[in-house]
Amino acid sequence: MSELQSMPMAKALNAGLRKALADDPKVLLMGEDIGPLGGVFRVTEGLQAEFGKQRVMDTPLAESGIVGTAIGLALAGYRPVCEIQFDGFIYPGFDQITSQLAKLTNRHDGTITMPVVIRVPYGGHIGAVEHHQESPEAYFAHTAGLRSVSPSTPHDAYWMIQEAIASNDPVMFFEPKSRYWPKGDVDLSESGRPLHSSRVVREGTEVTLLGHGAMLSVLLQAAEIAAAEGTSIEVIDLRSISPIDYDPILASVRKTGRLVLAQEAPGFVSVGSEIAATVTEKAFYSLEAPVIRVAGFDTPFPPAKLETVYLPDADRVLDAVDRALAY
Amino acid sequence: MSYTEATLQLLSPEGRLVESDASAEYLPLIQQLTDQQLREFHRVMVVTRAFDVEATNLQRQGQMGLWVPSMGQEAAQVGSGFAARPQDHVFPAYREHAIAHIRGVDYVDIVRMLRGLTHGGWDPREKNNFHIYTLVIGSQSLHATGYAMGIQLDGDTNTGDPERDRAVIVYFGDGATSQGDVSEALVFAASYQTPEVFFLQNNQWAISVPVSTQSRTPLYLRPSGFGIPGIQIDGNDVLISYAATRKAMDEARSGQGPRFIEALTYRIGAHTSSDDPTKYRTQEELEHWMALDPITRFASYLRGRGEGEEFFRDVDAEAADTASDVRRRTLELGIPPVENMFDNVYSEPHPLMQQQKQWLADYEASFDAEGAAE
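Residue numbers (the working numbering), protein chains in the order written: chain F, 1 to 327; chain B, 1 to 374.
These are computed hints drawn from the structure, not numbers from a lab. Don't take every hint at face value.
Per label pair, the in silico range of CB-to-CB distance [to be verified]:
| hint | chain 1 | residue 1 | chain 2 | residue 2 | range |
| --- | --- | --- | --- | --- | --- |
| 1 | B | Ala-291 | F | Val-129 | 52 to 62 Å |
| 2 | B | Gly-227 | F | Val-269 | 36 to 46 Å |
| 3 | F | Leu-325 | B | Tyr-363 | 57 to 67 Å |
| 4 | B | Pro-86 | F | Gly-192 | 31 to 41 Å |
| 5 | B | Val-338 | F | Val-200 | 29 to 39 Å |
| 6 | F | Ser-197 | B | Ser-224 | 27 to 37 Å |
| 7 | F | Glu-45 | B | Arg-281 | 53 to 63 Å |
| 8 | F | Lys-53 | B | Thr-4 | 34 to 44 Å |
| 9 | B | Gly-62 | F | Tyr-246 | 41 to 51 Å |
| 10 | B | Gly-155 | F | Ser-197 | 36 to 46 Å |
| 11 | B | Thr-278 | F | Gly-52 | 55 to 65 Å |
| 12 | B | Gly-155 | F | Val-129 | 34 to 44 Å |
| 13 | B | Ala-365 | F | Thr-280 | 19 to 29 Å |
For each residue, glycine too, the CB sits at the ideal point set by N, CA and C.
Using the sequences and the hints, build the whole thing.
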């Protein structure tokens, strides 16, 4: 029985977290300002009042401390969900994430699990100051032992956060912060799907566009414009950054023969680079053109007044589509 | 840093009980110990030292990539190790061989890690909650604090049932006190008033850097700035190590919050088998601390209480047997199957692990096929 409700992604995440807290007494939320304030993006609004200070913890202002104590809590049988306030503030916790959280199951020869979720609001489009608009997902995708996902819609956010919490492996949960506010239909009866599955969101025949998070709205906009110009574009939402669900991607490339990848993160040594290499290896004879990447420039994220130039938009995506079609 | 007026001590370097106003609250805890428990202190110190010497030899003979000697720190470890209760959780750094033994870890399991057969070596739940070694300096302090937060959430402090109340003890060294993670652990421990004892073995050197580079104030004073009581003990005195830890753990288990103990001791050997202490410290300093040896001191105390020579001979014989047993079993250790590389990276199925494990199996099998065809 579907229970469709229209809500923004921040509310959908809130609903998913509430359900996880209600369903499993071992689930805990921890982070900076997530209590009475409800987090700087209000994702945890009302949850401390509902579940108490012991289960929704305002922590000291220390990211390594948040992740490191979450590891200890996981060893003690809990399932912590950590909020990192902004993408650019994750690096003080990077050592605990990559040297400890990611490796502890392996270090224990598989005798323990590490069910920890790290929620990271990420990406640009919000006109914020430095360290508040970055896309650091490639660092974590590069680290064995971590899983990384990013929803693009309120509905996906609702079920994916619950699946991430249910995972016995650590999950980096990247929330496209510019998508926190636009509303979408959420089916609150959704009981969950495989966490690491990409999805064809628009069918087409001539070019495949692939991206994750906030990039999806740009890709869909580009596909609309292209359709008006007579070009049929297929759009795939990656959803899982690590591992990558290649089957729908390869099936689409074998149909269209052309793949354009788009991401906010810098292109050098990125998720898009990895997918381009793999698609070239696995679908070489189906490709009519090289795989083309559209990415943030390989510069620091610029001051906010320049971000619209830095971030890939529909025009830059369509420029890449034109180049792919020109082969 | 040498002993100061603040340094708590129950045994003088000559092995005589020290009675002072400061030690008065700790002496009763020692008087509760049975003769058998006191003998066990000596036994574990001596056997672990023999293991440590044998492991050093094995490394020198190419049987281990690295060894981390514990020589000189036996009293700090054995006293505090026996002060924890079975239900408590112990988070070591990587030099706590005596405590590992007390909690039931086979010495050879420590060897397995340093011989390159595993990154861990044991399941903490099967070893009386003795967690695996952590090689990144200070990282374990946060894991211990998180675990202690979990004990609190479980409601297992100050229950009135001594079998249910639990606490955590975490070990780290003087170098680790400079790491941000240790400071963050102290912040979290103080904020949440965790049932936890921070046990600092100040062995004076972080590889080649003296403790004076880590701190210009005695390290036992540092926790007071975080709101955590700290004391300094003579880490080469097994009795004060036991009594101070026992008291701190009892306080932690009964919900009084975290405690901090600085045990002044000395690393007689190298940091690891990879460094040469003669390059950075003096012979005079080494001799000063060797004269304060924890095993000699405690043996003098036991003899003063009337312990017979037969006991000491038996312990020495057991130590020699343990060392040769460790050597024999070390040389018998096999190489783990290559599948281990892929099998435990994730708890749940992962396509890259499945694909790469299969690829490697096919690749290796291809050589067999070529060999068979020739």
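Exercise. Looking back at the hints listed earlier, which ones does the structure fail to meet?
Worked result: 3, 6
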